[in-house]
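Trainee: Sequence:
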Amino acid sequence: MSTSTDLTLAIEDLTVSFDGFKAVDSLNLYIDKNELHVVIGPNGAGKTTVLDLICGKTKASSGSIKFLNKELTKLAEHEIVRAGVGRKF
Numbered sequence: 572m573s574t575s576t577d578l579t580l581a582i583e584d585l586t587v588s589f590d591g592f593k594a595v596d597s598l599n600l601y602i603d604k605n606e607l608h609v610v611i612g613p614n615g616a617g618k619t620t621v622l623d624l625i626c627g628k629t630k631a632s633s634g635s636i637k638f639l640n641k642e643l644t645k646l647a648e649h650e651i652v653r654a655g656v657g658r659k660f
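Under the working numbering, the first residue of the sequence shown carries the number 572, and numbering increases by one thereafter.
Mixed in with the good hints, there may be bad ones.
Derived lysine-lysine pairs resembling BS3-like cross-links, with alpha carbons at most 30 Å apart [stated by the list, open to error]:
id : residue 1 : residue 2
1  : Lys-645   : Lys-659
2  : Lys-659   : Lys-604
3  : Lys-604   : Lys-630
4  : Lys-645   : Lys-604
5  : Lys-641   : Lys-628
6  : Lys-641   : Lys-630
7  : Lys-618   : Lys-637
8  : Lys-628   : Lys-593
Here are the simulated distance ranges between beta carbons [said to hold, decoys possible]:
id : residue 1 : residue 2 : range
9  : Pro-613   : Asn-640   : 32 to 42 Å
10 : Gly-657   : Asp-603   : 13 to 23 Å
11 : Asn-640   : Asn-614   : 28 to 38 Å
12 : Asp-584   : Cys-626   : 14 to 24 Å
13 : Glu-606   : Lys-641   : 23 to 33 Å
14 : Arg-658   : Asn-614   : 10 to 20 Å
15 : Ile-602   : Glu-648   : 17 to 27 Å
16 : Asn-605   : Lys-641   : 29 to 39 Å
17 : Asp-584   : Ala-616   : 27 to 37 Å
18 : Gly-591   : Arg-653   : 11 to 21 Å
Because the hints were derived from the structure by calculation, they are not lab data.
Just so you know, even glycine gets a beta-carbon here, dropped at the ideal spot from N, CA and C.
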């Protein structure tokens, strides 16, 4: 794996809870330049929640999300979009 400064996306110890239910618990995900990853799982596994966290729609309880070494967890949704992160279903 590359160093954290070389990564396109680095997610570390990401956790979010809804009314005491941990929807995402200590997620770590590292994506290098030119890598492709697929997130699969059953309904309720947290796939959409992870995308919501990356895009800023949902705020993490704890953890870090870095895109091109820029911390996203403290940014508003529109600032995350300006940083180059978005999604399309």
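Trainee: None of the hints should be skipped; say for each whether it holds.
Mentor: Against the structure, the hints come out as follows:
1. A distance of roughly 22 Å separates the Cα atoms of Lys-645 and Lys-659; the hinted pair therefore holds under the 30 Å criterion.
2. Restraint check for Lys-659 and Lys-604: satisfied, since their Cα atoms lie roughly 20 Å apart, inside the 30 Å limit.
3. A C-alpha spacing of about 25 Å is found between Lys-604 and Lys-630, which places the hinted pair at or below 30 Å, so the restraint holds.
4. At roughly 23 Å between alpha-carbon atoms, Lys-645 and Lys-604 fall within 30 Å of each other, so this suggested pair holds.
5. Among the hinted pairs, Lys-641 with Lys-628 is consistent with the structure: their alpha-carbon atoms are about 17 Å apart, no more than 30 Å.
6. Taking the CA atoms of Lys-641 and Lys-630, the gap is about 16 Å. The hint holds against a cut of 30 Å.
7. Of the pairs offered as hints, the one joining Lys-618 and Lys-637 holds, with about 18 Å between alpha carbons and a cut-off of 30 Å not exceeded.
8. As the CA atoms of Lys-628 and Lys-593 are separated by approximately 17 Å, the hinted pair is consistent with the 30 Å bound.
9. With their beta carbons about 33 Å apart, Pro-613 and Asn-640 fall inside the hinted range of 32 to 42 Å.
10. Between Gly-657 and Asp-603 the CB atoms are about 20 Å apart, so this pair conforms to the stated range of 13 to 23 Å.
11. Between Asn-640 and Asn-614 the Cβ separation comes to about 34 Å, which falls inside the hinted range of 28 to 38 Å.
12. Checked against the hint of 14 to 24 Å, the C-beta distance between Asp-584 and Cys-626 comes to roughly 19 Å, which is consistent with it.
13. About 18 Å separates the C-beta atoms of Glu-606 and Lys-641, a value inconsistent with the hinted range of 23 to 33 Å.
14. For Arg-658 and Asn-614, the hinted distance range of 10 to 20 Å is satisfied, since their beta carbons lie about 19 Å from each other.
15. Between Ile-602 and Glu-648, the C-beta spacing of about 21 Å keeps the proposed range 17 to 27 Å intact.
16. In this structure the supplied range 29 to 39 Å is violated for Asn-605 paired with Lys-641, their Cβ-Cβ distance being about 19 Å.
17. Distance hint check for Asp-584 and Ala-616: the Cβ-Cβ separation is about 19 Å, which falls outside the suggested range of 27 to 37 Å.
18. Between Gly-591 and Arg-653 the beta carbons are some 34 Å apart, a value that contradicts the proposed interval 11 to 21 Å.
This entry does not satisfy hints 13, 16, 17 and 18, going by the numbered hints stated previously.
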